[in-house]
Each structure stands twice: as structure tokens, then as C-alpha cells.
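If you follow the hints, you should be able to join the two separate chains into one complex; please do so.
Protein chains in written order, with our numbering: chain A, 1 to 519; chain B, 1 to 471.
Derived from the structure by calculation, the hints contain no laboratory data.
Treat the hints loosely; a few may be bogus.
[Unchecked claim] Covered stretches of chain B, as calculated for chain A (at least 3 residues, CB under 8 angstroms):
# : region
1 : 10-18
2 : 23-31
3 : 39-52
4 : 421-434
[Stated by the list, open to error] With a straight-line Cα cutoff of 30 angstroms, these simulated DSBU-like cross-link-like pairs (lysine-lysine) come out:
# : chain 1 : residue 1 : chain 2 : residue 2
5 : A       : Lys-4     : B       : Lys-12
6 : A       : Lys-126   : A       : Lys-252
7 : B       : Lys-45    : A       : Lys-134
8 : A       : Lys-134   : B       : Lys-12
Quick caveat, the model's predicted, so the values are computed rather than measured.
Where is the CB? At the ideal position from N, CA and C, for every residue including glycine.
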Amino acid sequence: MIVKVSIKKGRYYDSVTLMIISGELNRMEGIISSSVVMGTAGNKAILASAGLMTEELTGAGDSDLIISVHALSEQAAVSAINKTDELFRELRKQGDEDIGKKARTLGDALLQMPGANLSLISVAGKYAAAEAMKALQKGLHVMIFSDNVPIEEELALKQHAHERGLLVMGPDCGTAIIHGIPLGFANAVGRGGIGIVAASGTGLQEVASVISAGGTGISQAIGTGGRDIKREIGGIMFLDAMKALAAHAETKVIVLVSKPPHREVVDRIAEEIRHSAKPVVTILIGGDAESLKDAGAITAQTLEEAGMLAVAISMDDDPATVQRTLAQRSEWLDVLAGSHAGGRNGRFLRGLFSGGTLCDEAQLVLKKTLGFVYSNTPLHPDYQIQGTEPGRGDCIIDMGDDAFTVGRPHPMIDYSTRNRRIMEETADREVAVILLDIVLGYGSHPDPASELAPVIRKACEDFPGILFIGSVTGTDGDPQDRRRVIRELEAAGMVIMPSNAAAAELAGKIILQIRSKKT
Amino acid sequence: MAINELFGQPLKVVNTGLASFKENIETAGGEAIQVNWKPPVEVRKESLAVIERYREEIDRANGEALAIILGGTPVLTGMGIALETIPGMRRDLILHSGPPVTWERMCGPTRGAIIGALIYEGMAGDPEEAVRIAESGKIGFEPCHGHAAVGPMAGIISASMPVFIVRNEAYGNSAFCTMNEGLGKVLRYGAYSPEVIERLRRMEKILYPVLRKAIEKLGRLDLKTMISQALHMGDELHNRNRAGNSLFYRTMAPAIVETCTSQEDAISLLNFINGNDHFFLNLSMPAAKACLDAARDRAYSSIVIAMARNGTDFGVQLSGTGNRWFTGESPVPDALFFPGFTKADANPDIGDSAITETLGLGGFAIAAAPAIAQFVGGTAQDAIRYTLEMYTITAGENKAFQIPSLNFRGTPTGIDVRKVVENNITPFIDTGVAHREPGIGQVGAGVLSAPMEPFRKAFEGLAEEIVTRYG
Numbered sequence: 001m002i003v004k005v006s007i008k009k010g011r012y013y014d015s016v017t018l019m020i021i022s023g024e025l026n027r028m029e030g031i032i033s034s035s036v037v038m039g040t041a042g043n044k045a046i047l048a049s050a051g052l053m054t055e056e057l058t059g060a061g062d063s064d065l066i067i068s069v070h071a072l073s074e075q076a077a078v079s080a081i082n083k084t085d086e087l088f089r090e091l092r093k094q095g096d097e098d099i100g101k102k103a104r105t106l107g108d109a110l111l112q113m114p115g116a117n118l119s120l121i122s123v124a125g126k127y128a129a130a131e132a133m134k135a136l137q138k139g140l141h142v143m144i145f146s147d148n149v150p151i152e153e154e155l156a157l158k159q160h161a162h163e164r165g166l167l168v169m170g171p172d173c174g175t176a177i178i179h180g181i182p183l184g185f186a187n188a189v190g191r192g193g194i195g196i197v198a199a200s201g202t203g204l205q206e207v208a209s210v211i212s213a214g215g216t217g218i219s220q221a222i223g224t225g226g227r228d229i230k231r232e233i234g235g236i237m238f239l240d241a242m243k244a245l246a247a248h249a250e251t252k253v254i255v256l257v258s259k260p261p262h263r264e265v266v267d268r269i270a271e272e273i274r275h276s277a278k279p280v281v282t283i284l285i286g287g288d289a290e291s292l293k294d295a296g297a298i299t300a301q302t303l304e305e306a307g308m309l310a311v312a313i314s315m316d317d318d319p320a321t322v323q324r325t326l327a328q329r330s331e332w333l334d335v336l337a338g339s340h341a342g343g344r345n346g347r348f349l350r351g352l353f354s355g356g357t358l359c360d361e362a363q364l365v366l367k368k369t370l371g372f373v374y375s376n377t378p379l380h381p382d383y384q385i386q387g388t389e390p391g392r393g394d395c396i397i398d399m400g401d402d403a404f405t406v407g408r409p410h411p412m413i414d415y416s417t418r419n420r421r422i423m424e425e426t427a428d429r430e431v432a433v434i435l436l437d438i439v440l441g442y443g444s445h446p447d448p449a450s451e452l453a454p455v456i457r458k459a460c461e462d463f464p465g466i467l468f469i470g471s472v473t474g475t476d477g478d479p480q481d482r483r484r485v486i487r488e489l490e491a492a493g494m495v496i497m498p499s500n501a502a503a504a505e506l507a508g509k510i511i512l513q514i515r516s517k518k519t
Numbered sequence: 001m002a003i004n005e006l007f008g009q010p011l012k013v014v015n016t017g018l019a020s021f022k023e024n025i026e027t028a029g030g031e032a033i034q035v036n037w038k039p040p041v042e043v044r045k046e047s048l049a050v051i052e053r054y055r056e057e058i059d060r061a062n063g064e065a066l067a068i069i070l071g072g073t074p075v076l077t078g079m080g081i082a083l084e085t086i087p088g089m090r091r092d093l094i095l096h097s098g099p100p101v102t103w104e105r106m107c108g109p110t111r112g113a114i115i116g117a118l119i120y121e122g123m124a125g126d127p128e129e130a131v132r133i134a135e136s137g138k139i140g141f142e143p144c145h146g147h148a149a150v151g152p153m154a155g156i157i158s159a160s161m162p163v164f165i166v167r168n169e170a171y172g173n174s175a176f177c178t179m180n181e182g183l184g185k186v187l188r189y190g191a192y193s194p195e196v197i198e199r200l201r202r203m204e205k206i207l208y209p210v211l212r213k214a215i216e217k218l219g220r221l222d223l224k225t226m227i228s229q230a231l232h233m234g235d236e237l238h239n240r241n242r243a244g245n246s247l248f249y250r251t252m253a254p255a256i257v258e259t260c261t262s263q264e265d266a267i268s269l270l271n272f273i274n275g276n277d278h279f280f281l282n283l284s285m286p287a288a289k290a291c292l293d294a295a296r297d298r299a300y301s302s303i304v305i306a307m308a309r310n311g312t313d314f315g316v317q318l319s320g321t322g323n324r325w326f327t328g329e330s331p332v333p334d335a336l337f338f339p340g341f342t343k344a345d346a347n348p349d350i351g352d353s354a355i356t357e358t359l360g361l362g363g364f365a366i367a368a369a370p371a372i373a374q375f376v377g378g379t380a381q382d383a384i385r386y387t388l389e390m391y392t393i394t395a396g397e398n399k400a401f402q403i404p405s406l407n408f409r410g411t412p413t414g415i416d417v418r419k420v421v422e423n424n425i426t427p428f429i430d431t432g433v434a435h436r437e438p439g440i441g442q443v444g445a446g447v448l449s450a451p452m453e454p455f456r457k458a459f460e461g462l463a464e465e466i467v468t469r470y471g
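Bound-form chain B, shown alone (with noise of 0.2 angstroms):
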């Protein structure tokens, strides 16, 4: 555009800074668009340079890690002992959400869940005997996202468990999640008396195998349309599961009653289900885990394929930069606390559930689910804001999930590590806010922002990654 074709059309400015000159310029009858700029995350020069010259290279393997996140077809197949479902299961290993975090370093949910879950296999009398043997060293900690398996809050998976398998049909590849156990004291909020742990014992002994023989009843339930009408209803699969509970509750009540020989324990499980706005997630969690592990280790990728709290630490794993983690102070979330509770109560933001946001679920979907956002202090508009912000940090949007208030616009999906640092906006997720004392349960619910931390640290390790690899 030469400067004359300049002085030949009306004039449109883009205002980058002071927003008075916006105001400025339309006073005096002028066109303006005010960009609600933010300075860029800083980050090393080298870094940067790496990854400008290698953009061709990033954008490539971004588009073949974004294209298997779409075309991941995640299904219901079954259940199983965690012990002989997840790989690499060991008796003498414990499970547990986010990053890998040694006992000193646990938050005070995760231990009481580690106490809760000693006790549960009997490997514990009493909680001081639980917590000689986690600090002995001679009981293993890994995170869930380690063995394919996600867990909300604690995340705490142990040997006798027992866990969905959800497989993604289009690439082969399986991931795991517990049972939920429902709201008030629960394990995975790090309560661990004995009603938490009759509970877990009745979850495995009636319920699981009831459910077990329904779901090979039905051979497969698929997932990914019962999200996708969940959207459409009202959830975001994160915070909000109650559409997707009715669905799943719907499709599998008639297999119970059918294939459930004790009508006792058949009321009973659908009843634990119906009584359980949360039962979904731990369904929506491995769905998404199941279609984001299959976008591993794209060389070069900067896509984000699992953002996940221990409740000390923020963690990050890309496409392209294998297993490493990327980690950073977890936040204590901005929540409305329940009545008797405040931010003093609450502990760091914690758990895998932000593999939902990883999808393009959570937060990034919100806009879907304005009664997640007045739940949480906001209004339907600040939810459709949020959702909107998330397009600027994704690679792609899925078709498959729809937002029916943005005109079914597909969900912003594939958070490109690259787009966070520059525009230094990060994730946004709901979440539910844990006590920072084992056992109390549930405190509040929230958003947050991500720290940027742990996407600064992605963003160079996948520079260092380049060079090494392949510089």
C-alpha cells in the first residue's frame, strides 16, 4: 500500500497503548479498534531465535499433532484392577496427579490421599503407620500421566483400584481413570477416615463389578459424541457434569438392570451415579488423556499435551519435548469459598482435570457452561470472554465440540506454547478448590489463570530440545 492509497481511503486505525487515543480518534469521527495488548512473557534471546527459525518446522509438526487431537475417537471399552490394567502397576506404587513430587514436597490432600489409600490396601493399620511407610522410601510415587492415567484433585490410583479404560479407537492407544467417588470427604480431597475408606472398599467390591459387566454389556459407549452433547447442554466437562452424568446414566441404566443379578446392588450403583454430578469427569479426564497421549513426541511440536497440578507444583509436558516436565509454582485459585471458609483454607490449585482444559474442555470451553461462570463469580458475558481469549494461544478449533452460544464455533484446541509466551496469556481452567489440611474436603470453586512459569520453561526446553536433536 502505497502512502497515497493512504490518503485516498478513509482512514482505520488499529490502537496498540493508550486507549484514550481510540477515544481521540472516534470523537473526531474517526475508525478505531483498541488491541488489549499485554508486554510479551520474557524469554532467552536464544530461545527465541531457535524457535523463529524453525517456525516452519513447529508449525508442521503442530498441525500433525492438532489433526490426531481431533481425530482421537475416545470410547468407553471396559473396566479393570488398576494392578492388571495399567501399565507398569505395581502393589508397592502409588499414583498421584501432576507432576512428580517427592513426600516432603506433597501438599497436605495428596498425603492425607496417600495415607487413605496405605490404609485402603491394607499395607497400613492407622495413619501413623501410613505415614512411617511413605516417608520408609519403600513405596513408589509416580505421576498418574506417567502410566496413561489421570486423576482428579490427589489423583491417587493404587494397586486394588479399580479404573475405566477408555481407548481411542483411531489410534490404539488406552488411558485410565478411577471411579468417582462423589463430593464431601472423599480420598481424592485427602480425607482418609474410615468412612472414606469403607466407601473406596464398596466401590470395588459391589459397585465396580456391577458396572464392569454393564459396560461389556453395551461393548463400548463412545465418548466423544456424549461430550460433544454435553457442550450443547450445558456442561464443560470440567467443573460441569451434569449433562454428561444424565447422558451416561441414561445409556447405561438399562445394561444394568439387565445384567445385574442382585437388584440391590443394582439401585445401589444408580444410585451412586445419579447422586454424583462429578461421576462423568472421571470419564471426561481419560477421554482426554486417551486423545491427547496420541500426540506424543511429535518432534518439534510445541503443542501442549498435558498441563496438571500436584497441588505444590504446576506441570507442563509438549508434543515435542518427550516426558520432561516444565514445572512451576502451583496458584491458589481466585474462588468463591463455601460458607465458613477462605482463601486462608485453600489449598494450591490441584489435580490432572486440567487434561480437560488440554482438550479444549474446562475453561477453554466455558462459554458452553454460563452457569459454571456465575458459580464462580462471573457473568455468561465473562465466560464467553474467556472462551474467546483461549482462540489466541490454540492451534486449531474442533468441530466435534461446539459452543452453541458462539454460533457453534468449534472449542479452541492445542495450546501452542509458542502463542503463551507471546501473548502472554495463559491457560484458563475451573477447578475445585481443596482444603489445605487432608480431609476436609472441598472448600470452594474457581478459576485461574496458569502460571506462566512452567510455559516460559517450555518454551526454552523445546529450543534446547531443537539444538540438541537437531541443530
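The following block holds chain A by itself, in its conformation from the complex (with noise of 0.2 angstroms):
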């Protein structure tokens, strides 16, 4: 066996290019693993890790490309190396169409599309800030998909944004929908009335899909990253969204979506509700909103009831119908967990989730039936635990934190270190339940069926007393299509319920089933 690597020096491809290329030198003959990245301090203490580290690559810098392959044989590390060659050169004339329309830098852009308005930038976090102050200064909305960006860089963003009437989504915005058009991370929904102002990416993804579910549309979904309602940044961008959406004619009702604020933060989200004129639904996972409540919100305990108020407003009926439509289901779903609660061996529930959001999410609904649960982002700072060790009683894995995905695609995108996970977890013997989330959309999985159907299939073969509880984040007109997803996984044997608040009810109530029967 055999490390081999090649430096191109100066040669920059965004990263999704590389773990194409990466991918397809994995799947040639002799190879065991491989990596092509930039030379990147982070990137090398992942080759490190991975053993994929050589002497020749300290030298390598940022603007470096770094190619390592472990093979069985120097011929087969060779071959793959220069297979790297043509597929860039592929790469390259497939470039070659675009000739002329290529742009260098974001004045090549603007020459070439008079009239732009928004930047989306997605490039290493500590390159994104100099990038989004370029395209402010040039007059244009921005939106940061990148993390990593220093909370002082966002601040010096926000309010250079602030005072000259532009917006900054982000650092570390996965999704928005600006006219329909979607952003990042986002699903294909309607056109409606309700506008979103979201701190959170999964959970705009969630309510946006409920809504879309519901039979209405979206107006407008504006994220700001989660740290824009840190007492830091000040809830600068989440106050402006709210402030636009409320003079946007088109919006009718307001959605406010975030993990809970800043006290002060708080504080002027309620001013700006006391002064809408417009019905202002608020979800705060896990956050006390009495005081929005005050100033004349409605507030929602789960995204999937956020999304339902806000339809039902928009129709113009009596929000309680939504309270009494969850009540009924919430009876509907103690009659299934009896009907699923036998035949199991184990007892202990585990949650493995790809968004941070719906893992918040499952926990608080849990908590009303099972209480904390352990999980690597937990409810409680007793039941912390590392994402990355086996599961413990019940727990609730958000697999979408750096953890597992430094260096690695996110868990939306590769369902590998998932599928894995789901494995090790079915072959303890404890569990009983695996609840999951699969958000759809533009920029996940195209596929997540073809992926996680084999694996749930399997593991009910191996382990016949497991149960897979999930639900699925997304439209219809996504480009995976929710209905066949669904479809699919069900006839793997996954039980799917509308809503991810609605799989956890289920999951813990089961559980409970479960330990009543035992004891």
C-alpha cells in the first residue's frame, strides 16, 4: 500500500468539483481512499487524519491543489493521479461553452449582467466577508451561504448593509426564496401571501413546506443566519426582513422562525410585531415567547403549527381550528404508536438528523413524552454528548454539526456517514425506534430514496423489531419529488408522518408504549 500525492500549485476549484473528483478516483481500480482539496491548513489536518498526509504537502498553501491517493500499488496511485489530469481538462471544456460569459471577478459580472441585485456567495468562510462587502459597495443584496465567517466580519456587514438599505442573509444562510426563485438550500413552493423571516435554514424549510402543503404559497423567505439574532449582531437583518415584508404589498401574513433570541433582541422583534399592521405568526424552538405573544403574535409551538396558522390566516380562518386539528391528530397518533408498539425488542429510541433545526425540534416535542434525551446539541447540559460516540438510551444525533462534516459533504448531500450511522445503530440490540428527517429541495440529495430505502430495508431484515419513524421536508414540485419519496420509503417499510413534529409525537409515544408493556 502506497500514499502518493501531486501539488498543482496556483490551481483553485470550488470544492464540490473537487469531491466529484475525488469521487470518481475513489471508484477507480486499487484505490482505497483519496482527496483532492486546497492546501488548506484545515484541509491537511483532515489528510492527516484520513493518513492521506505526506511530507511534500506542508509546502502547499491556500491557492494549492492538493491531489493524495492511498492506493494498493504505486501504478494504481499513478494512474488515478493522472486521471485528475483529464478530468479537470473535462471540466475545463465544458467550461468552454460558457466562453465569453465566464466572469472572473464580480466586476466581470456586473458588465455582463447589467441590473444584478443579489450576490450569493458560497466560497471558504474566510474569503466570504471580503467577497460580500465587494458586492455591497457595488449596491447589491447579499446572501452568505458560507460559515466560518467571523462574528465581527458579519457585524461590519450587517450594519454597512443596514445603513444603505440592502439586505445580508447570512454568514451561514443555507435557504431563502426571493420571487419564488430559490436560494442555496430551498424547495420548489408556491407563490402565495406569506412572507418568512427565518434564522434558521431547516426550519424555513419546514414551515415553507407545510404551507406549500397547506395549498398556499410563499411571498417572500428571507434567512439571516442564526446568529443574527445573537445579542452581538443585534437582530439588525431579522428586524429589516420583517420591516420589508411588512410594506411589501404582496405579503399578507408574517412568519417569524428562529431559535430563541437575545432578551434584547427579543425586546425589538415585539416592538416591530406591536407595530405591524399585518398578522405576525412566531416559532421559537424552544423559546419562551410570551412577550411576543403580548405585543399581539400568534405564536406556535412547532414549525409544522407555524406553517398551519399561517395558512389558515391567509385563508382567513379561526386559527383555534389548527389547535383542534392537532389535538385530533394527537389522538389519531397515540391509537398508531399502540398498533407499532409491539413486537419490539428494544426500548430506547435514536434520532439521527441532517438538520439542526429539526433536531431542536424533536427534542422539544420528545420532551413532552420522554423528557431531555442525550443529544451532541442537547435541550439540557446534562444530557451532552459527543456526536460522534455510539448512542446512548435515547438520543437525538444532529449530524449536520462539524463534527462530522469537516471535510465531508453535508448529510443532506451524502447519506454515507448517515447510512453508517443507521447501521451501528440498528445492531444495538436497546433500540427500538430510528427517527430520521430527509429534507428535499434544490441542493440536496437528488436521490435520497435510492439511498436510505436499501439501508432501512436491510436493517428490518437483520433487526425485525426495529422501527423507522421520518418524515420528509419538502414539495411536490422539488426536484426530488416529496410523493415519490415517500412512496419509496414507505414500501421499505418506513413509517412517514406529514410533519417532522408529528414523527417525533409518534416516535415518543411508541417508546412510551414500549416501556409501559415492559415494566
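Structural data, given as C-alpha cells:
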């Protein structure tokens, strides 16, 4: 076995392109593993931990491309490295079709697209703020998908933008929908009268999907990034976006989605709600919404409820009908839980999540049935565990956490890490239920059922006592087609609920029933 | 633009980063353009701050430098013997291409050419003696660039060699370059066999007097116009000079016939020019040099006024940093090799000919010369892309030098080291490839992107210069 490397000085490709190339190499005969990355300190650390680092690579810098191959033979390694040249050439050829359209800089792009009004930035975090500032200086609104942007840079960008009436979504803003156009990871939702401001990416996706399923649509959905509502940023963009939606004629109802904001920010949001002529629905995942309620907000406990409330209000229905509908469903879930509780060998719940907010929401819902559960992002610090260690008791793991994603694609794109974890958890004889989220939309895996269904089938065969429960966030208009995904997962034996909250509620009820039978 | 204005207009997205986001936007019916982004080069934070602080001064100085470069009017006015013509030339001095380099660090072709020059000058009887002399320190080695001269490949100029005199009439300075020897076993590729020395002597004794007289007869020969025309005829004036050569030949032939008393010598010279497609390179290079030298020493200016390689180092000089060289390792070009040769035979990039790129010709004008793009393994579209990319790192366009396929857009001119660093794009250079052993000659032709190192150092060096002198 041999590790062979090559450095291409001054060659830059985006991370997705590099992952495609690396994937191609991994499929070659005689290749154990490979990595094609830019030579940043972070990437070199990953190479080291993967056994792909060599002395030669220490001199590679941020703007150098590294190819590192772990192979069975020298020959296999050399042919893999040579293959990269061919693959990059093919990419270049594809690029040729765009000749004349390709811009090297923002300035070039603006020459070629006069009237551009939004800059979507997904370069590595340490470069993102500089690119964003250039865009703001040219008068463009900005969405920063990149994470790892220092908070002081975020503040500087947002203050600059605020003074000029510009929008800065992010950093770490995974999703937004402007004029029905998905930006980043977003779902194909219908157009309608509901505007969303969200400091949570998957939270926004879940609410938008529920609204879409409810037969109405979205006017605009603005993401702010999770830190906007913290004290340091002070909700600058959250509040600006609220104001913009309040003044936006097509928006009839406003939904606010967030993890608990800082107290001072909550007060400012409350003030804004007090002045809003439009109904405002809020969902603070795990937060106290009393002051918002006092200010006139219609408060929801789950993302699903928030979406349903917004739909009801936009159709001039009584919001109370939503509570009634959900109460009825709870009763139905009790019955359903009873029918699934029998025949289980284990007694614990294991949740494996790709969406961070969905993971939080699941824990909140489960608190009503199971109390606090273990997590790498727990509701209570006593329940903290490392995500990468094996599950313990009832636990819910956010697999989108940094511990899983450094140097790897996000679990919404690449199911391999979660699939491996599913196999490990199902082999634990104490486990009865596996709870999953499946997030569709632009940017996510193009065919998640093809990844999950075989794993579920195999697990159900090997361990007949295991039950899979989950929900599919997305719409029928998404590239993956929600209906088809649900059909295929159900055929594999998974129980699919209409929402993440419902899936967590059912899972908790089943575990409770199993335990009550066993005691 | 207020946020509500965004809500009131069609969304037009500039996408920087993951290309799939652009595709998604388009699939959903939106409009997006991809920025082919590269991370910026890492330079010292203090340097960045200085360059940013003095932005206005630098912009102004660059404007002045660019105007001088564009306003240059290089004219061939005559020829002379190096010793009598090149400022600071001495019998015991040999000029070479690129930044300064010691005998110990010189590459094979440069050493070979120095051996040949010492034999040619009669200072050494054989190669062994030449090496002893070179090692002894009795002979000085200095860059051509320090003497208003340029030389292709090894770029060797010794005292007895005839040189062209190219005068920049607008600014009064001159530049010098030897006559091109042709292809095959030639001194500039490090060959020093008797046939090489014999050719050099014939050039000095027979061809030079005839050519000098013909040029004197014409008085002056406008190289700027000739270069403009050659660009319209498919040359980029670095790797392809066929059109320039034809124009030169057409202009010179009657004067040669008229002034030469020996028909035999006239035929000999005409055949020499006609038989060497690179003859005009040794005129396009000093023409570029003359234009660029006039723009030296503009305080604050970040414009590159020389790029040159000695086969070991790649060197860069800026207008605002005097005669300081900023260097980095010279890379081996990506090339198409002649049959029987591979990259293992190739010498790192060598020669002062990148002066053409510095003036916006060569690789910068490759869109005008699709035949060269094909020669080096690319397509006509590649050529256009290379040229378009160079507009990103230059301060302006040369209206006198135009590219037909870009709708007669002016060539990208005035490399701004700030833009090189900020966009992480280095100059694109057409080049010939020398064998790493002396005397074998050209083994291929290719293209390369200049290494970043000298430009990074130049960026930091300019910041130092500004702080020291004006801070």
C-alpha cells in the first residue's frame, strides 16, 4: 500500500467540483481512498487524520490544489493522479461552452449582467466577508451561504448594509426564496401571501413546505443566519427583513422562525410586531414567546403549527381550528403508537438528523413524552454527549454538526455517514425506534430514497424489531418529488409522518408504550 | 437599493462559489451568472493596508505610467556593435536574460551560451577554457534589462555582437537587441559548437553591415505600426512573428538591394531574414522594452515594467520600485514537445521575451493568433479566454494594438500587480522550451502562467517602498 501525492500550484476549484473528482478517483481500481482538496491548514489536518498526508504536502498553500491517493500499488496511485488531469480537462471543456459568459470577478459579472441585484456567496468562510463587502459596495443585496465567518465581520457587513438599505442574509444562511426562486438549499414552493423571516435554515424549509402542502404559498422567504438574533448582531437583518415584509404589498401574513433570540432582540422584535399592520406568526424553537404574544403575535409550538397557522390566517380561517386539528391528530397518534409498539425487542429511541433545527424541534417534542434526551446539541447541558460516539439511552444526534462535516459534504447531500450510523444503531439490541429527517429541495441529494431505502430494508430484515419513523421536508415540486420519495420509503418499511413534529411525537409515544408494557 | 426594491424587480443573481446554486436558480426560472472565483493570494496584512491606504496615489501613478507605455513610439533607427552602442557595455561583461544570476546558479542553456560567447569573442580557445574563465570571476554577468537591452532565451550579448537600436521617439530613450540567429543549434539555446560560432561571425561580418546600411537608407522604420498590422495578420509577436517578419522583409528588401554592393551578400541577408520566422522577435522585443522603460520610476506605481526569466528565476520589476527585482522559481512550461523529447528534457522557462507580454502582446494578445493556440495544444476559444482573462489584471487597453476576433478591442496592457494578487491570476506567457542541456536547442513550445511568488513579493516590495520613502 502506498500514499502518493501531487500538488498543482495556483489551481483553484470549488469544493463540490473537487468532491466529484475525488469520487471518481475512489471508484478506480486499486484505490483505497483519495482526497482532492485545496491546501488549506484545515484540509491538511483532515488529510493527516485520514492517513493521506505526506511530507511533500506541508509546503502546499491555500491556493494550491492537492491530490492525495492511498492505493494498493504505485501503479494504481499514478494512474489515479494522471486521471485527475483528464477529469479537470473535461471540466474545462464543459466550461468552454460558457466562453465569454464566464466572469472572473464581481466587476466582470456586473458588466455581463447589468442590473444584477443579489450576490450569492458560497466560497470558504475566510474569504466570504471580503466578497460580500465588494458586493455591498456595488449596491447588491447579499446572501452568504458560507459558514465560519468571524462574527465581527458579520456585524460590519450588516451595519454597512443596514445604512444603505441592503439585505445581508447569512453568514451560514442555508436557504432563502426570493420571487419563488430558491437560493442555496431551498424548496420549490408555490407563490402566495405568506412572508417568512428565519434565523434557521431547515426551520424555514419545514415551515415553507408545510405552507406549500397547505395549498398556499410564499411571497418572500428571508434567511438571516443563526447569529443574527444573538446579542452581538442584535437582530439587524431580522428586523430589517420584518420591516420590508411589512411594507411588501403581496405579503399578507408574516412568519418568524428562530431559535431563541437574545432578550434584547426579542424586545425589538416585539416592538416591531406591535407596529405591524399584518398578522405575525412566530415559532421560537425552545424559546419563551410570551412577550411576543403580548405584542400581538400568534405563537406556535412547532414549525408545523407555525406553517398551519399562517395558512389558516391567509385563508381567513380561525386559527383555533389549527389547535383542534392538531389535538385530534395527537389522539390518532396515540392509537397508531399502540399498533406499532408491539413486537419491539429494544426500548430506546435513536434519532439521526441532517437538519439542525429539525433536531432541536424533535427534542422539544420528545420532552413531552420522554423528557430530556441525550444529544450532541442537547436542550439541557446534563444530556450532552459527543456526536461521534455510539448512541446512549434515548438520543438524538445532529449529523450536520461540525464533528461530522469537516472535510465531508453535509448529510443532506451525502448519505453515507448517516447510513453507516443507521447500521450501527440498528445493531444495538436496546434500540427500538430510529427517527430520521429527510430534507428535499434544490441543493440536497437528488434521490435520497435510493440511498435510504436499501439501508432500511436491510436493517428491517436483519433486525425485525426495529421501526423506522421519519418525515420528508419538501414539496411535490422539488426536483426529488416528495410524493415519490415517501412512496419509496414506505415501501421499504418506513413510517412517514406529515411533519417532523408529528414524527417525533409518534416516536415518543411508541417508546412510552413499549416501556409501559415491559414494566 | 432598499430591500423592497429587490422585492419589486426580477431577481438577477451573481453566484460566487458553488456552481450548482446557479444551475438551481436557472432550473427554477431565475437568472444567474457564475463568477469563476479564485481565493486571493495571501500577502502580509501590513502590505495590504499600505496598498489600500495609498490607493489614490497608486491609481494616479498607474494612470501616468500607462499613458507613457501607450504613448511610446518605438522606431528602428539603426544598428551598432554592442560595445559601442549599449550603455555600460564592456569587453569583460556578458549580458544575459532575466534577473541577476551567478554562474553557479545558471541553467545549462545560459552557461552554454556564455561558453559560446567567450569563444566567439576570442577570449577562450575551447569550452574548457571558457568554463575556467567564467568561473574565475574575471568576467562580469549582468542582466540585459539593466542596460536597456533584451535577449530571447539565454539572451547572451557580448561586446562584439551587432545590435538593433530601437528608439522610443516620444520619450527619447532607446532599447537594444541582438539579431535573431534562427532555429536549430543556436547560441540562445546554449549551443556553442563551431557552426554556431561561425554563424555569429558571419552575422557580424557580413549580414550586419548590409542590414545597417539598408536601415540607414530608410532612416527610420516605424515598429509600432508594423506590430499593429502584424496583430491583424495573426501574430501575437512572441511565439508567432511570421506576419511581422513578412512586413519587415517587404520593407527592407528594396533598401537592401539598393544599398548593398555585393549581390551575393544581399541574397545572403535576404535569405537569412526570409528563412527565419523569428527574425522579427528581436525587433518586437526591443520595441516593447523601449515603451516600457520610459515608464520606469513613477513613484507609487504598481505597474509591471519588466518580466524576465534567466532559466533559474522568474523576475519582475515594477515602475514604482526602481531597479529592484522580485523573483521566484522559474517554472517548466506546459508544452507540446517535439518528437523524441519530454517534459523531463525541458529547462525551466527562460528569456527576456516575456517583455512582449509585459506590453500586452504575446500571451496577452493570443486571441489574435489562433494558430499559436493550436500549436501549443489549445483551441481558438482557449486563446480568446486567455486574452479575456488578462484584462482582469491590466490597467488599460492599447488602442494601437487591436484584436480582430474581439471586435478590435485593444490589447490588455499595463499589468497591475495589485490586480494580479487580488484576483490570483498571473500573466499568461507564450514561450519556446529549451533543452535543459546546453546546445541541444528548442524541444517544444508552450504556454505558462507566470509563478505567483515574484508578484507577491513585488506587491509587498511596493508597500515597503511606499512606507520607506513617503510613509
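Status of the hints after comparison with the structure:
no., hint, in the structure
1, 10-18, "holds (count 9)"
2, 23-31, "holds (count 7)"
3, 39-52, "holds (count 4)"
4, 421-434, "holds (count 4)"
5, A:Lys-4 / B:Lys-12, "44 angstroms, violated"
6, A:Lys-126 / A:Lys-252, "38 angstroms, violated"
7, B:Lys-45 / A:Lys-134, "18 angstroms, holds"
8, A:Lys-134 / B:Lys-12, "17 angstroms, holds"
Hint check: violations occur at hints 5 and 6; the rest are consistent with the structure.
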